[in-house]
Amino acid sequence: MLSLDRFTRFFHFLAQFFPPDFSWSYVSLLGQPILETLGIAAAGIFLAMLLAFPISIVIGARMPGSQALYAVLAAIRSIPDLTLAIFCVIIVGIGPGAGLATIVIYYGAAMAKVFGEIFRAADPRPLEALRATGASRISLAAFGLVPLKLADVFSFGVYEIECAVRASVIVGAVAAGGIGTELVGELNAFDYRRVATLVVVLLILMVLVDRYCRLVRRHPIAVLALPPAGIVSMFFFWPKLFAGRHAVETFARMWPPHLNAAELHDLPSLILQTLGMAAGGTMLACIFALIASPAAAKGIAPGFIVFITRRLFEILRAIPEIVWGLLFVTFAGIGPGAGVIALGLHSTGVLGKLFAESLENVPPDPIHALRATGASRLAVAAFGNLPLAAGPNLVYGLFRFEWNMRAATVLGIIGAGGIGQALYNAQQMFFYPQMLAYLLVTCGMVGVFDIVGTQLRKRYRVSWVAVE
Amino acid sequence: MLRLQDVTVRYTRQGPAVLDRLSLNARAGECVALVGPSGSGKTTLLRSINSTVAIESGEVWVGDAHASRARGRALREIRSRIAFIAQKHDLVDRLKVYQNVIAGALGRWSTAHALRFLAWPKAAEVDEAREALDSVSLAHKLRNRTTELSGGEQQRVAIARALVQHPLVILADEPVASLDPETAAQVLDLLCNLARSRSITLVCSLHQPEFARRYFDRMVKIEKGHAVPVAAIFWAAESPRRTAQVPC
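Quick mapping for you: the protein sequence lines, in order, are chains F and D.
Counting from 1254, one number per residue, gives the positions in the first sequence under our numbering.
Counting from 36, one number per residue, gives the positions in the second sequence under our numbering.
Everything labelled a hint here was simulated from the structure, so no lab data went into it.
No false leads were mixed into what you were given.
Calculated lysine-lysine pairs in the DSS-like style (CA-CA distance at most 27 Å, straight line):
(1) F:1711 with F:1402
(2) D:123 with F:1551
(3) D:157 with D:176
(4) F:1551 with D:131
(5) D:131 with D:157
(6) D:176 with D:131
With the hints as extra help, turn the sequences into a complete structure.
Following this line, the structure appears as structure tokens:
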């Protein structure tokens, strides 16, 4: 009876989303938020790239101070993006400007760090040869590092365009305007039909961005559309305000970080909750993706099934964790359960695609040999593709766990529990020393797994591009 | 047992014929070596026999089955009786040795059977793998990881997998090209003896004529898309003369 009751409730909840509100009076209002989201993303990623490139060369060429710089970048990257957005709101006030600042800082740091790592992984032999000619570090970078690794850097940069659009939706949820703000507003107003409209808009947007990124990968010249778009958007969304003194005062009140006895007592369980949310979501996604990925791999499943499964993964991937979270918190109520489902659904989209690709990219000879025995497609997949792809898939799963830990803290902010929720509550109640303490704990957690992840990456030589 | 009649293969519609009305017959238990320069069509010939290359015209008969006509399930059935051994890299290196060997049975097993075996292998099935490994003297490596084996051992595992297929025909595409001469000799000796004792037709492409001469019943040279029989006696007579022409 209980499960039936749940089922009817779920059905009623879903029914509230239909039909999406496609009335002209509403759709015509969405032009501005869409432009805001895209503009913030374009300007943000453009500025972030400008910032990241020189920094990454400093790191890649191991110039003096590069270790410290790397540590700073890693620290910035370990701050949950929504918390960073809140800080930016403190500094530049509420509005798209704060969103732009968040994207620039977060993605600037992320790209500089990753570009730096890519440069550091460059083949040392040609660099040695250059160094032997007596070249300076700068010319070493210009003639050695950059040409050697430009393709990898470009590929990761393109990947980050997609992430930046998704992030500019996410930061909108806190402050900054765009579709995210709109989405939170409609959710708070319980107008689910409009929420459905926004989700559809988001899907279309993400698919278009995905197509653009594919175009850029095929014809790199298409990337030239980005700087003009970025520069124009910069004029519109440049922060109108710089509350320097207010910011200094606010940040000063956070120091020193402090937790009282009760909060300290709760801390381990909060950490465990966040870890559990990340582990649960990753596990769920791994199971779904493992089952579904053969259906998305060419050569294993028939073409039309591959097509359908891929679109399904695309939908799961296009909707950010936090939007899944917002939907499920509304339905399932506050708690880590909603977080696990949210992480699970989004990660299924990501891992499903990665798993399918690694199933396709196994060495072809053993597969031909199996096929030549007259084995069926599924038997070939089970004896060939699956074991051959097991290594990369395991690494993908572990990396996704690292990513999901950061995402789990962000989900805490919308009420999914864990350390993220404690962080957000402290911020809401202006308990600034507590807020800083929780933030430092979060950064520590993310940092530890970042280091573990980097080591794994090195050992298994998995490229960055595939992982994030 | 194996009969090719006027087989023609082109890779592009207007392109040159890689195999041009090629005919070849081989009895059960006969060991045929294919020789000829690289690019002469040896691999194409082998692959046209198990229909992994589409033939434009002509007929391929394996046993009493018309292989070049078969599609779908019938093709899979024929393929399950044709074993293919490649130069290297055709084992799934993450599987255990016995799993790689039993993969030879996938053609006659249902998909459900194949999946069940991975999760829960039955003793009789493992015994079948052990028996096949025993005939290549590798039974003691049954549960090793495939990556732990040397190149020669891996090639013997591939032979064991071929035996599990209960094949009518074994096609071997330069099976010893990546092995050192001593190991290569052992592998070829083993392969030919197994084929003779089990009445399997062996068609094997080779680079080294001296191996062909030593272990095989006859040699066929692929030249301009045709199969040119080479009488062993000519080849044997020819080669010393050729070496003599090289100034020392």
